[in-house]
Amino acid sequence: AAAWDCGTGNGQAALLLTPYFERVFASDPSAAQIEHAEPHERIAYRVAAAEASGFPVQSVDLITVAQAFHWFNFEAFFREAQRVLRPGGILAIWCYSLLRIRPDIDSLIDDYYTRIIGPYWPAERRWVDDQYRSVSLPFPEINPPTFAMTANWRREALFGYLCTWSARQAYIRERGSDPLNLLLPALRECWPDASQTLPITWPLHLRVCRVH
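As numbered in our numbering, the sequence shown has no gaps in its residue numbers, which increase by one up to the final residue, 502.
Everything labelled a hint here was simulated from the structure, so no lab data went into it. Be aware that a few hints might be false.
Said to hold, decoys possible - Across the chosen pairs, the derived CB separations fall in these ranges:
| no. | residue 1 | residue 2 | range |
| --- | --- | --- | --- |
| 1 | HIS502 | VAL425 | 15 to 21 Å |
| 2 | LEU306 | ARG336 | 17 to 23 Å |
| 3 | GLN459 | ASP420 | 21 to 27 Å |
| 4 | ASP419 | GLU464 | 16 to 22 Å |
| 5 | THR436 | ARG373 | 28 to 34 Å |
Just so you know, even glycine gets a beta-carbon here, dropped at the ideal spot from N, CA and C.
Given the sequences, and given the hints that come with them, work out the whole structure.
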């Protein structure tokens with residue numbers, strides 16, 4: 291059996307497919323991402339657009355897209371998925387929404403996300419905010435179980451994660467100041483003990499369909 295992880299980035303989702311598939315194809319349009327992907331004997335990486343993979347007709351049983359679908363040309367990608375999937379093959383796309391920690395912390399992060407840096411997210415981010423609900427799938431849909439990603443973090447790990455958000459970088463480029471300075475003091479008040487570990491949850495939003 292074979293799977294294709296499309297928009298693989300540095301291969302995180304592709305690696306998770308290796309216990310279940312003899313062959314995993316993993317593609318990304320960014321050569322830099324593929325260059326930093328973790329090698330694995332079952333994974334064949336390639337630089338390719340989602341809409342023009344170059345894979346043979348009916349060559350895979352599963353296509354996965356992890357937190358990347360909103361960057362694609364939807365119609366062109368669906369045509370490519372139908373071309374590459376074998377009959378009865380599965381297309382699974384998913385994204386994750388804003389992390390949840392504790393109601394008082396969540397409200398601070400929500401305000402930061404929407405009010406302070408909201409205008410600096412790329413337009414495609416709206417599909418993630420909508421949890422892919424408004425994406426119209428071209429094949430019969432399957433209702434998947436509910437999933438979430440979890441971690442246990444100290445306060446500084448959260449701060450480091452917030453530093454990686456692209457909207458923060460865009461805010462800094464345009465305004466010359468760091469928007470996190472508007473958030474971190476209040477976060478420290480809610481989470482005063484830097485050595486305390488709290489559970490972090492990212493709800494996953496999965497859309498799955500099967501090709502005829």
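Here is what the structure says about each hint:
At about 19 Å, the beta-carbon gap between HIS502 and VAL425 stays in the expected band of 15 to 21 Å. The beta-carbon spacing between LEU306 and ARG336, approximately 19 Å, falls within the hinted interval of 17 to 23 Å. At roughly 23 Å, the beta-carbon separation of GLN459 and ASP420 lies within the given 21 to 27 Å, and the hint holds. Taking the beta carbon of each, ASP419 and GLU464 are about 21 Å apart, inside 16 to 22 Å as hinted.
For the pair THR436 and ARG373, the beta carbons lie near 31 Å from each other, so the given range of 28 to 34 Å is met.
The structure meets every hint from the earlier list without exception.
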